[in-house]
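Undergrad: Given next are the chains, with one letter for each unit.
There are 2 protein chains.
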Amino acid sequence: MPDRVAAVREKFTSLKIDAFLITSLTNLRYLFGFTGSNGLAVILPGRIVFITDNRYRDQVRDEVKGADIFIARASLFDELARSKALGQAKRVAFEAAHTSVASWQILTRKFPRLTFLATEKILEKITATRTAAELEHTRTACQIACAVWRELVPKIRTGISENDIAAEISYLGRRAGAEGDAFEPIVASGWRSALPHGLASHKKLAAGEFVVVDFGFRYNGFCSDITRTVFLGEPDAQQRALYDAVLEANTRAREAARAGLRCAELDGVARTSLKKRGYEKEFSHSLGHGLGIDVHSMPGVGARSEDVLQAGNVITIEPGLYVPDSGGVRIEDDVHITEEGSELLTPLDRELICIS
Amino acid sequence: MPDRVAAVREKFTSLKIDAFLITSLTNLRYLFGFTGSNGLAVILPGRIVFITDNRYRDQVRDEVKGADIFIARASLFDELARSKALGQAKRVAFEAAHTSVASWQILTRKFPRLTFLATEKILEKITATRTAAELEHTRTACQIACAVWRELVPKIRTGISENDIAAEISYLGRRAGAEGDAFEPIVASGWRSALPHGLASHKKLAAGEFVVVDFGFRYNGFCSDITRTVFLGEPDAQQRALYDAVLEANTRAREAARAGLRCAELDGVARTSLKKRGYEKEFSHSLGHGLGIDVHSMPGVGARSEDVLQAGNVITIEPGLYVPDSGGVRIEDDVHITEEGSELLTPLDRELICIS
Numbered sequence: 001m002p003d004r005v006a007a008v009r010e011k012f013t014s015l016k017i018d019a020f021l022i023t024s025l026t027n028l029r030y031l032f033g034f035t036g037s038n039g040l041a042v043i044l045p046g047r048i049v050f051i052t053d054n055r056y057r058d059q060v061r062d063e064v065k066g067a068d069i070f071i072a073r074a075s076l077f078d079e080l081a082r083s084k085a086l087g088q089a090k091r092v093a094f095e096a097a098h099t100s101v102a103s104w105q106i107l108t109r110k111f112p113r114l115t116f117l118a119t120e121k122i123l124e125k126i127t128a129t130r131t132a133a134e135l136e137h138t139r140t141a142c143q144i145a146c147a148v149w150r151e152l153v154p155k156i157r158t159g160i161s162e163n164d165i166a167a168e169i170s171y172l173g174r175r176a177g178a179e180g181d182a183f184e185p186i187v188a189s190g191w192r193s194a195l196p197h198g199l200a201s202h203k204k205l206a207a208g209e210f211v212v213v214d215f216g217f218r219y220n221g222f223c224s225d226i227t228r229t230v231f232l233g234e235p236d237a238q239q240r241a242l243y244d245a246v247l248e249a250n251t252r253a254r255e256a257a258r259a260g261l262r263c264a265e266l267d268g269v270a271r272t273s274l275k276k277r278g279y280e281k282e283f284s285h286s287l288g289h290g291l292g293i294d295v296h297s298m299p300g301v302g303a304r305s306e307d308v309l310q311a312g313n314v315i316t317i318e319p320g321l322y323v324p325d326s327g328g329v330r331i332e333d334d335v336h337i338t339e340e341g342s343e344l345l346t347p348l349d350r351e352l353i354c355i356s
Numbered sequence: 001m002p003d004r005v006a007a008v009r010e011k012f013t014s015l016k017i018d019a020f021l022i023t024s025l026t027n028l029r030y031l032f033g034f035t036g037s038n039g040l041a042v043i044l045p046g047r048i049v050f051i052t053d054n055r056y057r058d059q060v061r062d063e064v065k066g067a068d069i070f071i072a073r074a075s076l077f078d079e080l081a082r083s084k085a086l087g088q089a090k091r092v093a094f095e096a097a098h099t100s101v102a103s104w105q106i107l108t109r110k111f112p113r114l115t116f117l118a119t120e121k122i123l124e125k126i127t128a129t130r131t132a133a134e135l136e137h138t139r140t141a142c143q144i145a146c147a148v149w150r151e152l153v154p155k156i157r158t159g160i161s162e163n164d165i166a167a168e169i170s171y172l173g174r175r176a177g178a179e180g181d182a183f184e185p186i187v188a189s190g191w192r193s194a195l196p197h198g199l200a201s202h203k204k205l206a207a208g209e210f211v212v213v214d215f216g217f218r219y220n221g222f223c224s225d226i227t228r229t230v231f232l233g234e235p236d237a238q239q240r241a242l243y244d245a246v247l248e249a250n251t252r253a254r255e256a257a258r259a260g261l262r263c264a265e266l267d268g269v270a271r272t273s274l275k276k277r278g279y280e281k282e283f284s285h286s287l288g289h290g291l292g293i294d295v296h297s298m299p300g301v302g303a304r305s306e307d308v309l310q311a312g313n314v315i316t317i318e319p320g321l322y323v324p325d326s327g328g329v330r331i332e333d334d335v336h337i338t339e340e341g342s343e344l345l346t347p348l349d350r351e352l353i354c355i356s
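Protein chains in written order, with this note's numbering: chain A, 1 to 356; chain B, 1 to 356.
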């Protein structure tokens with residue numbers, strides 16, 4: 001994956017640095033394809049140094065190409081010193097959001113001659129668009145989520161618990177080829193559906209309730225993230241109106257999404273749509289988020305985001321309405337942003353499913 | 001839970017501080033019982049200030065007692081400034097391993113008048129022993145793991161994949177009342193069993209293989225962590241010797257564990273036992289680790305640990321032998337350390353199960 005490394009090197013002049021230290025496992029995977037749980041890399045003008053531990057001795061040589069590889073005898077930072085990778089460097093950028101103060105203290109102690117520059121979101125911006133291979137992994141993760149939903153719906157009924165549904169989701173996902181859940185499944189019924197992040201509980205499903213089901217899977221490291229809301233029984237007019245408003249906001253936002261649009265504007269499309277139907281404070285979170293190796297990636301898709309949609313982004317579109325002590329609805333899809341518009345990665349029905 | 005707060009305040013003199021800022025969610029749960037995903041606390045000589053966001057407005061009042069609670073309008077650090085909690089403070093300790101450089105930069109910018117002291121492991125040491133209630137949660141998490149293992153064994157057979165077994169583990173755990181996996185299940189068969197951290201893969205189980213199965217569950221936030229190794233078919237003499245050596249090391253270490261013993265010594269008990277049978281470099285990791293809200297907690301149980309076992313610790317005992325390209329064996333139990341010895345939390349058979 002040489003393009004991303006080149007993009008990092010292009011920052012060297014403006015940042016006045018001669019090395020970039022990468023410590024976040026997510027970014028090590030985006031840039032070098034490394035899937036281990038311990039590693040660091042240094043990008044230098046003419047060289048890449050990659051350090052991991054003995055557990056990944058063979059794996060790192062398969063995965064990381066074009067780098068000088070070192071296997072740490074003690075800590076990664078010890079090996080970094082031993083490797084003399086930073087011998088010629090003066091000013092080294094590092095990832096401020098992915099480096100603890102404890103690690104930073106070790107770094108400054110071990111390399112007293114160097115100046116360390118705290119940077120943020122540089123690698124996240126460079127890795128916010130998907131390569132063709134990454135997009136395929138994401139597509140597969142989304143296909144698994146859709147297949148699981150179709151298998152799951154017939155199992156949803158009054159009397160079973162939210163936990164039972166969460167157990168089914170994880171099980172069906174792994175059986176369908178997922179590496180695992182992208183995050184702990186959210187299954188929130190009745191008054192709990194008004195909690196935007198209601199992890200599954202012991203609560204049993206009862207008639208007259210919305211059930212918000214929010215889940216996703218990892219495939220080759222890439223995540224899907226989808227939400228559907230069903231109703232147990234027949235909704236009254238107010239409940240139907242709540243659902244229809246969210247559905248419309250989801251549709252409007254999906255139709256509006258395209259490269260070049262500001263993310264804040266896209267959030268506004270959904271927010272305006274809901275407002276027209278009389279809902280405002282009930283939509284208490286952002287419209288969505290970028291989706292990649294991490295479930296929450298760049299770009300941010302909210303009212304205060306300064307990001308602009310780019311071709312190759314994958315984002316979620318997930319308007320929701322939450323009426324405290326009563327109930328909530330959320331409908332979430334994943335889309336791949338293109339120049340012309342967007343590719344829907346989660347082509348599942350959105351009509352309200354009423355389970356009798 | 002006033003004792004732990006008192007223990008933090010006892011550090012104020014030696015650290016020369018007048019406030020302790022707590023940002024790790026794990027420690028917020030240990031000290032205050034807070035289960036949300038966003039919060040911070042400040043312990044002052046005569047007051048506790050607790051800040052979270054609007055999602056946890058009701059929940060925080062149920063969970064966190066004896067603190068002045070603030071709901072953040074913007075960021076937690078913004079609210080910390082607004083609350084004037086640190087108005088009288090001069091020198092404030094924070095958790096260096098749980099604070100990113102990015103967060104620390106925000107703190108020093110927002111509170112230019114204050115001196116911030118980077119500390120490590122202070123709260124981890126204070127929270128390394130379990131309260132009676134916490135021990136009950138851990139016991140239940142362990143009971144769930146044991147029940148799942150008993151249900152799982154009849155399902156293990158040649159031809160199914162490691163992923164299939166991982167799917168069963170997660171499913172059975174949630175059905176048995178777990179909140180979820182404590183970590184992604186490790187299912188490693190044949191040559192993969194020689195990988196100490198071999199996450200489940202597409203590989204199918206075949207005759208003549210060891211299968212290492214390492215899993216755990218969360219119950220009320222507390223983790224269990226257990227490993228059993230089975231054999232498919234009949235092991236040869238070398239394979240049997242490998243298993244017997246690990247079993248003996250597990251037994252010897254469990255028998256030796258008691259309050260007052262140095263953790264490095266306990267590690268040595270297992271290591272010496274294996275060495276007597278001719279194995280040394282094949283035991284390539286530490287004997288175990290503390291077990292709490294995080295799967296890896298204090299105390300460290302390895303050759304280089306400086307910790308001493310205390311009554312109330314819960315630790316894993318997990319000797320393993322790994323023969324590259326051939327296979328591996330690990331047997332892991334969880335024990336609660338007492339003055340007299342230890343309470344076994346995972347009373348499951350350890351004789352080698354051979355599946356025909």
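Don't take every hint at face value.
Since the list gives no way to pick one copy over another, a pair counts as held whenever it fits inside one copy or between any two copies.
Unchecked claim - Below, in silico cross-link-like pairs of lysine to any residue (SDA-like), each with a Cα-Cα straight-line distance of 25 Å or less:
| no. | residue 1 | residue 2 |
| --- | --- | --- |
| 1 | K84 | D62 |
| 2 | K121 | S100 |
| 3 | K16 | S305 |
| 4 | K84 | L15 |
| 5 | K155 | A259 |
| 6 | K203 | N54 |
| 7 | K16 | S103 |
| 8 | K203 | G177 |
| 9 | K281 | S75 |
| 10 | K155 | P347 |
| 11 | K90 | D18 |
| 12 | K203 | E136 |
| 13 | K110 | E306 |
| 14 | K90 | V323 |
| 15 | K121 | N38 |
| 16 | K110 | A96 |
| 17 | K281 | R73 |
| 18 | K84 | S356 |
| 19 | K121 | S103 |
| 20 | K65 | E340 |
| 21 | K11 | G260 |
| 22 | K125 | G36 |
Just so you know, the hints here were simulated from the structure itself, not pulled from any lab data.
Quick caveat, the model's predicted, so the values are computed rather than measured.
Undergrad: Hint by hint, note whether the structure agrees.
TA: The hints, checked one at a time:
no. : hint         : result
1   : K84 to D62   : within (24 Å within a copy, 54 Å between copies)
2   : K121 to S100 : both (16 Å within a copy, 14 Å between copies)
3   : K16 to S305  : neither (27 Å within a copy, 41 Å between copies)
4   : K84 to L15   : within (22 Å within a copy, 36 Å between copies)
5   : K155 to A259 : neither (39 Å within a copy, 49 Å between copies)
6   : K203 to N54  : between (45 Å within a copy, 23 Å between copies)
7   : K16 to S103  : both (23 Å within a copy, 23 Å between copies)
8   : K203 to G177 : between (29 Å within a copy, 12 Å between copies)
9   : K281 to S75  : between (49 Å within a copy, 19 Å between copies)
10  : K155 to P347 : within (20 Å within a copy, 35 Å between copies)
11  : K90 to D18   : within (7 Å within a copy, 38 Å between copies)
12  : K203 to E136 : between (37 Å within a copy, 22 Å between copies)
13  : K110 to E306 : between (37 Å within a copy, 23 Å between copies)
14  : K90 to V323  : neither (56 Å within a copy, 43 Å between copies)
15  : K121 to N38  : both (21 Å within a copy, 21 Å between copies)
16  : K110 to A96  : both (18 Å within a copy, 17 Å between copies)
17  : K281 to R73  : between (55 Å within a copy, 14 Å between copies)
18  : K84 to S356  : neither (68 Å within a copy, 54 Å between copies)
19  : K121 to S103 : both (19 Å within a copy, 14 Å between copies)
20  : K65 to E340  : neither (34 Å within a copy, 54 Å between copies)
21  : K11 to G260  : within (23 Å within a copy, 54 Å between copies)
22  : K125 to G36  : within (22 Å within a copy, 29 Å between copies)
The structure shown violates the earlier hints numbered 3, 5, 14, 18, 20.
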